[in-house]
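Chain residues, written in single-letter form:
2 protein chains.
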Amino acid sequence: MTSPALSALSIDELTALRDAARRDHEALVRRGLSLDLTRGKPSARQLDLSEELLGLPRGHAAADGTDCRNYGGLQGLPELREIFSGPLQVPAAQLVAADNSSLSLMHDTVVHALLGTVPGATRRWADEPRIAFLCPVPGYDRHFALCERFGIELIPVPMDADGPDMDVVERLVAEDAQIKGIWCVPKYSNPSGVSYGDETVRRLAAMPTLAPDFRVFWDNAYAVHHLTDTPVEIADILTLCAENGSPDRALVFGSTSKITFAGSGVSFFGASPANVAWLIGHTGKRTIGPDKINHLRHVQFLRDEAGLAEHMRRHRELLRPKFDAVEAILSKELGGTGLATWSTPAGGYFVSLDVLDGCARDVVMRAGEAGIALTPAGATHPYGTDPRDSTIRIAPTYPEQEELEAAIAGLTVCVRLVATEKLLRDAGRV
Amino acid sequence: MTSPALSALSIDELTALRDAARRDHEALVRRGLSLDLTRGKPSARQLDLSEELLGLPRGHAAADGTDCRNYGGLQGLPELREIFSGPLQVPAAQLVAADNSSLSLMHDTVVHALLGTVPGATRRWADEPRIAFLCPVPGYDRHFALCERFGIELIPVPMDADGPDMDVVERLVAEDAQIKGIWCVPKYSNPSGVSYGDETVRRLAAMPTLAPDFRVFWDNAYAVHHLTDTPVEIADILTLCAENGSPDRALVFGSTSKITFAGSGVSFFGASPANVAWLIGHTGKRTIGPDKINHLRHVQFLRDEAGLAEHMRRHRELLRPKFDAVEAILSKELGGTGLATWSTPAGGYFVSLDVLDGCARDVVMRAGEAGIALTPAGATHPYGTDPRDSTIRIAPTYPEQEELEAAIAGLTVCVRLVATEKLLRDAGRV
Chain A
1041 MTSPALSALS IDELTALRDA ARRDHEALVR RGLSLDLTRG KPSARQLDLS EELLGLPRGH
1101 AAADGTDCRN YGGLQGLPEL REIFSGPLQV PAAQLVAADN SSLSLMHDTV VHALLGTVPG
1161 ATRRWADEPR IAFLCPVPGY DRHFALCERF GIELIPVPMD ADGPDMDVVE RLVAEDAQIK
1221 GIWCVPKYSN PSGVSYGDET VRRLAAMPTL APDFRVFWDN AYAVHHLTDT PVEIADILTL
1281 CAENGSPDRA LVFGSTSKIT FAGSGVSFFG ASPANVAWLI GHTGKRTIGP DKINHLRHVQ
1341 FLRDEAGLAE HMRRHRELLR PKFDAVEAIL SKELGGTGLA TWSTPAGGYF VSLDVLDGCA
1401 RDVVMRAGEA GIALTPAGAT HPYGTDPRDS TIRIAPTYPE QEELEAAIAG LTVCVRLVAT
1461 EKLLRDAGRV
Chain B
1041 MTSPALSALS IDELTALRDA ARRDHEALVR RGLSLDLTRG KPSARQLDLS EELLGLPRGH
1101 AAADGTDCRN YGGLQGLPEL REIFSGPLQV PAAQLVAADN SSLSLMHDTV VHALLGTVPG
1161 ATRRWADEPR IAFLCPVPGY DRHFALCERF GIELIPVPMD ADGPDMDVVE RLVAEDAQIK
1221 GIWCVPKYSN PSGVSYGDET VRRLAAMPTL APDFRVFWDN AYAVHHLTDT PVEIADILTL
1281 CAENGSPDRA LVFGSTSKIT FAGSGVSFFG ASPANVAWLI GHTGKRTIGP DKINHLRHVQ
1341 FLRDEAGLAE HMRRHRELLR PKFDAVEAIL SKELGGTGLA TWSTPAGGYF VSLDVLDGCA
1401 RDVVMRAGEA GIALTPAGAT HPYGTDPRDS TIRIAPTYPE QEELEAAIAG LTVCVRLVAT
1461 EKLLRDAGRV
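Protein chains in written order, with my numbering: chain A, 1041 to 1470; chain B, 1041 to 1470.
In short, the hints are calculated from the structure, not lab data. A few of these clues could be false.
Because identical chains cannot be distinguished in the list, a pair is counted as satisfied if it fits within a single copy or across any two copies.
SDA-like mimics (lysine to any residue), calculated; alpha carbons at most 20 Å apart, straight line [unchecked claim]:
id, residue 1, residue 2
1, K1462, L1194
2, K1325, G1418
3, K1462, A1251
4, K1325, A1314
5, K1462, T1377
6, K1372, A1060
7, K1325, T1377
8, K1462, S1050
9, K1462, R1085
10, K1325, A1048
11, K1462, G1376
12, K1372, L1155
13, K1325, R1182
14, K1462, A1214
15, K1325, R1189
16, K1372, I1051
17, K1372, L1057
18, K1372, D1167
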């Protein structure tokens, strides 16, 4: 962002503000904090909500009598898939329940596309001269890292309030057959909190792509992670793809990592019958089946879609005060200064803070000096490069309330310090 | 095998034997059995031995205080790695504990070698014009299927009583730089039950290979799965590799699939520090960590190496009568006939039955007609092709004792039928 408000001040006034910020920062450093806002991890109190899981399951038989302790069942327990069918907008028959990480499912899907042949492809992606993915920015660093590791080119696409800029997306996929995918976090996006508008989803489903094997990686990580009384509903991408003649385009991912236990949950893959058969065909060479005991454990704990919703309400009770505190402190300390803007998400795990262009790295460094760990500036962009150096991702969920409030307050000091220093530098140059 | 005993009989005597076998087979078909000897699955009673796992863990803290419910810890719980360090002959610091499938670890190791660059390699395996693996036969069909799926060429190598024929192995790897690996099940091998002799292991570690990135895939699936009072000890491949100047050659795999729950156990990867760092570097793009709650559950259940040994003693109490029954019935019905030979394994999960050349497929078909399901003949060989059509893999663990005995007795009828028919055909041709 570029600043209006403070730039109207005189050099003397700006200098006074900078000096105050310097004193505040020195005091902050002396406090010797050790606070972590880096990763979207659930807090210990959130994990406590699922403590009952540790004593489950009762028995070991699935609804159809399957002994969950033994090998087999590549698609995962049907009764678990039923619970997540609605929230993920995937018919249970087209949903695969897997192990503890949806990132692994995304990784393996890319691997199988590289080393196998996805439905609609004329050859393996590994045999293409070049593979590129569109990356709406700001986005999720682990999506980008996964692609980089395979040499997949990352093409940033701007986000607006309704999701990726579809004019840009449509133009790119129409003219470049090597663009094989787009990363989407369609609801309460990481990190901006944006949810995709219906028209955005429709255009993603309907747009012509030069690549016959183009895939929308639909990482619906925050499908049920609402922070308000009015849950966001997004359009049904699988149905829209089918209706628009591209039934194999969308691959839906989800998990319970931020529902039950972050390291010990279950994950999901949903897609067209052809894509599901393709995935299971490859998965069958890799494993004899997922951890069905953990599936059964989750079924007995969550019970049904209503049980899941009630469980997420308890999460919200713990998370709402944290997101409220971030909003309140940022408003109090930075509101009206023109030094920063930020998201006020209706769900998900992150607040995106935009500081003056060229300031994000310095703010993260200054916070680090004060013992406040932030995700590296640039992590929200492909190759870790935010061209405007302005976006900072705040993860408010893991610290306890008091720690969080201290960290956000400290962060605003760093924003004031770096911004006033920059404005003075800029003024000096004029 | 080729038959001596019955071939000494006259045509009339053979015909009488065949007619008796036909009547026995017809009676067998009329019994309408439905028995399954196909896969090496633990029985329900074996799984019952680990029922306590369903109520574990107590608490959620690892020995170092880590909250196992949350993300992180790519190498897995140290205290779990300690328990398996001895049995797998890998220092705990060089052992990775992962999720529920060692097959997955083998698959992913091949993937990372194809799409990354293993220590010592000059390029990714995906960029090689051709990749081949040596496959001691008979061997494990899932090893072969995994390679086939990636277009890796499979080169069969004969097995003898001490493991693969090392003269053949040494010659092949010395002259062909495209041979990048060998599949080994070094203890109580699947399906022959053979354990590798010390000299075989030493030669595998010490042999010159034209490929600088050659790997021994050491699938020690049956490390603690003894059936006798004198557990087999195999030589320590990692140490031998290090001593012979090839520290990165061996990759050790193992799991608790046939120790605790087949679908819900833990798996292990052990190797040189360089290989471990390489694997974890790639795994870190795929997941934020393994299911540490399941690690903790296994630590509390197995306790230590002595607890593991005691648990395996209980498995042996259930398995020994089954393997004894197979041996007794095969001896009673086929002993001295010259129609078959078979293994008498000191551990592991399988008995390998060798029938007259050209008869294995027919025996499996005849057994199928009588409701006795066997692994397809040829499955123990690359591409499903047993050139002598003589090896049948018997998996005695899953059926209950009575069912197993009925199935093996029925199988011997099929062996007699197919063999006498063949001998008469051969005699007719002379």
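Exercise. Could you work out which earlier hints the structure fails to respect and list their numbers in ascending sequence?
Key: 1, 3, 7, 9, 10, 12, 14, 16 and 18
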